[in-house]
Amino acid sequence: MSNRRQFIVQSIGGFAGFLAIDSIFARAARAAAASGAAAGAGRSLLVVNLQGGNDGLNTLVPFGDPQYYRVRPTINVAASDVVRLDSEIGLNPKLAPLKPLFDQQRMAILQGVHYPNPNLSHFRSTEIWQTAAPDKYVDTGWAGRYLDFAGRGTAPNLFAGVAVGPVLPKIMVADKTDVPTIGDLRGFRFNGTRDEQAEADKILGGDGYKYPFQSPYLSLVQDVENHAHAASTQLPHMVAGYKPAIEYPKTPFGQGLNLIAGIINANVGTKVFYISLGSFDTHVGQRAAQDRLLDQLATGISAFYQDLAAHKVDDRVLTMTFSEFGRRVEENANRGTDHGTAAPMFLFGGGVKGGLYGDHPSLTDLDYGNLKWHTDFRSVYATVLERWLGVGSQPVLGSQFSTMNFV
Amino acid sequence: MGHAVDRLVHFVPDSLPAQPQGDISYQFGPNADVMQRRRAYVLTGLWWVNRMLQTPNPLQEKMVYFWSNHFTSGIGQGGISPQMMVNQNNLFRSNALGDYARLTHEVSRDPAMLLYLNNNQNRAQLPNENYARELMELFSLGVGNYTEADIRESARAFTGWTVNRRFGETAVFNPRFHDDGSKTFLGRTGNFTGDDIVDIIMQQPATAKYMARKFARAFIYDDPEPELVNALADRFRAARYDVGVLMNVILRSNVFYSDRAYRAIVKTPLELVIGAHKSLGATRVEPAALAALDRMGQTPMRPPNVAGWPGGALWVNTGTLLMRVNYLNQLALAKSAAAAAGNTAMGDGATMMDDMASQQALRMPANVADPSQWVSGVKMDDPAGLTDRVLWMTVQGDATPQQRQTILSYVQTDSVGNKVSLSMENFEEKVRGAMSLAFALPAYQLS
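Residue numbers (this note's numbering), protein chains in the order written: chain U, 1 to 407; chain H, 1 to 447.
No lab work stands behind these hints, which were simulated from the structure alone.
Every residue gets a Cβ at the ideal spot worked out from N, C-alpha and C, and that includes glycine.
Some hints could be false.
Derived Cβ-Cβ restraints for the label pairs, each shown as a range [said to hold, decoys possible]:
no.: 1; chain 1: H; residue 1: N164; chain 2: U; residue 2: N332; range: 21 to 29 Å
no.: 2; chain 1: U; residue 1: G153; chain 2: H; residue 2: N164; range: 57 to 65 Å
no.: 3; chain 1: U; residue 1: D103; chain 2: H; residue 2: R284; range: 54 to 62 Å
no.: 4; chain 1: U; residue 1: R84; chain 2: H; residue 2: Q21; range: 51 to 59 Å
no.: 5; chain 1: U; residue 1: N332; chain 2: H; residue 2: N90; range: 31 to 39 Å
no.: 6; chain 1: U; residue 1: A198; chain 2: H; residue 2: N90; range: 46 to 54 Å
no.: 7; chain 1: H; residue 1: Q19; chain 2: U; residue 2: A78; range: 49 to 57 Å
Next up, chain U with everything else stripped away, as it sits in the complex (with noise of 0.2 Å):
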């Protein structure tokens, strides 16, 4: 907060001058085209919410474990059905499609991660995964913070982050970068009349700095402002001439990675986008719903990623999926599962080194029901951050973290 009041004190000329906008878009495709000078430089990372609290159990399933049967007895999936990627472990059906990713090694799953403490309040568990700090309330997101980090001394870009959504997650929340929500192309504007249009253009463009009083506040509505407008006027044009080489699922969340994907091609230098999927909160009738909602996530990352390597720009997109909570271990009486803790988290893309990492957690040592977590959720990050984006993680995420081998 302080932080973001001394930006606001010292930005007078804002971080978008509505004349510099332009320019400052060329610099910024300029500095992506760039690529490879600076580790990190030309990459992106997506972060998938699987919101609500995805079933680990459900989702990679450990078949060979007869515990599993007992405590799932009417949830489970058949070991016959599961798409096996070795004798004890393999995936819903439903995410058949993704397993020539897994074959390419271009999909590595991370089993049993979580945090200390957990919390079960969907709220508050999302909040920590989001913000990357277990033991405090923070008002900032690990993302966003990365982005401040990242961003600093260089040329401000209106698309460092985006979020597809209708609020700003608060994963992208930052001191300095404002990060734009886009629930879809036709939203993301100014909706008034074509008759207000020129002078909302106007007014909302940055028409008119001088105001006869003082307000540390003014400056940034006004940045803000300019920012939402150029955002909203430029990302039509820099995806109207993106032909998808496949076509998405017609559901929001494919249809959020194909913006995704015209976005990353316009090459405008996006360094961490965000997408949700969701309800996962499957406390009745667990398998309808969440096969349902495995399903677009397989289509749709499977879409997205054929779409990409299409685009030969597969390598530059790593894909990380987080839930706030894994599941209960035993199913409840309403063919579902209440709120637990550790979960596997997916990976993809053509920095992946592909595989299993961790052991699955044990079906029969828990903890109060639930699963006990090995892998701190934060050394994932801090493996992205390093051997991905190619910045320290100590200045995101607070203090330092092991690092994994997944990328």
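Starting from the known structure of chain U, arrange chain H on it as the hints suggest.
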């Protein structure tokens, strides 16, 4: 000015409903009827935002909001029913300018609070420290004025307070779960109860200081000087935590009217939406407003965490500003506000209201007054007068010459830039459009 403050702080009886209109009960648990629950949330949210709009005592509703963002609880979280939130909201209303110490006692046995901070699980045999911790960290003393041992000891004092769901969702004290042993808290030792803990907290100078800073941030500017905080804290303690006295001091102070306090606070989404309804002479807030509020980052009765909405710069980002401007535009154009909220719903938990609001009643037009009433008295042949009136109603004239010229030019030209005169045919449309453009001025986001 003095008279205006008098009117603000002296509440008159109102005839507004003390309860949402309609059935807000629903079955808890896994078999909950999702539609019924959504309907209950909408009715409850609408009840509160309509009170904000319709009240003859605007300061009272501002205080209710202040308390709800101080003593936070979240509808539907930890089993908190809409009725519990309504009751808590009414508790804040009846103590709006009352005794902060007394309110803290009341909140410590408020059913929604007991559930929100898990005091229902706080038992002698297995204490849960959540309420004790937040009581000190966020509701009274502030960090640095107590130890972890103080938290453990005071948590024991609150054991036994829980919620009886079967009989009216009331708070009950169960002596079987209460730890009546000796506790040592902030240097004092005794067989303390929760009430004793609150009393001891109220004796600490840090409490008045923490609260003074919070009031200053909410009503003056959000980085108050230590001198200002100390002065307010002294008055607050001297007045034995009488919030009415403190608010009188604030509202009559030089600093409240100073240049530094001028447009120094970013409007909350609720302030923005309610304020715009008032400017447009609306008599009622429609369900679509809840969806829009959600997208602006403020679902009523659902703060992001126990620390409440942090406010300030965090209200302002590309997505929320576009939502703010678009919603106000729709309101001024009196179209369906659903169109303003028109993105595909794909959100995190916070978009709950959005789902439900988009399922019902969204096509209602905003219930605003006739545009000619917004600018009554402005003559048809006076585009400058119309522009200035609109600027006065929205930003009290705080527009730069360029901004004023832009709106005037809108009033005087058509969509392809040809000069037009105001006439019976275009007057209403131009008033709406000018209002919409004025809502988009950066100054409108600040209070």
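Status of the hints after comparison with the structure:
| no. | hint | result |
| --- | --- | --- |
| 1 | H/N164 - U/N332: 21 to 29 Å | 25 Å, holds |
| 2 | U/G153 - H/N164: 57 to 65 Å | 59 Å, holds |
| 3 | U/D103 - H/R284: 54 to 62 Å | 59 Å, holds |
| 4 | U/R84 - H/Q21: 51 to 59 Å | 57 Å, holds |
| 5 | U/N332 - H/N90: 31 to 39 Å | 35 Å, holds |
| 6 | U/A198 - H/N90: 46 to 54 Å | 49 Å, holds |
| 7 | H/Q19 - U/A78: 49 to 57 Å | 51 Å, holds |
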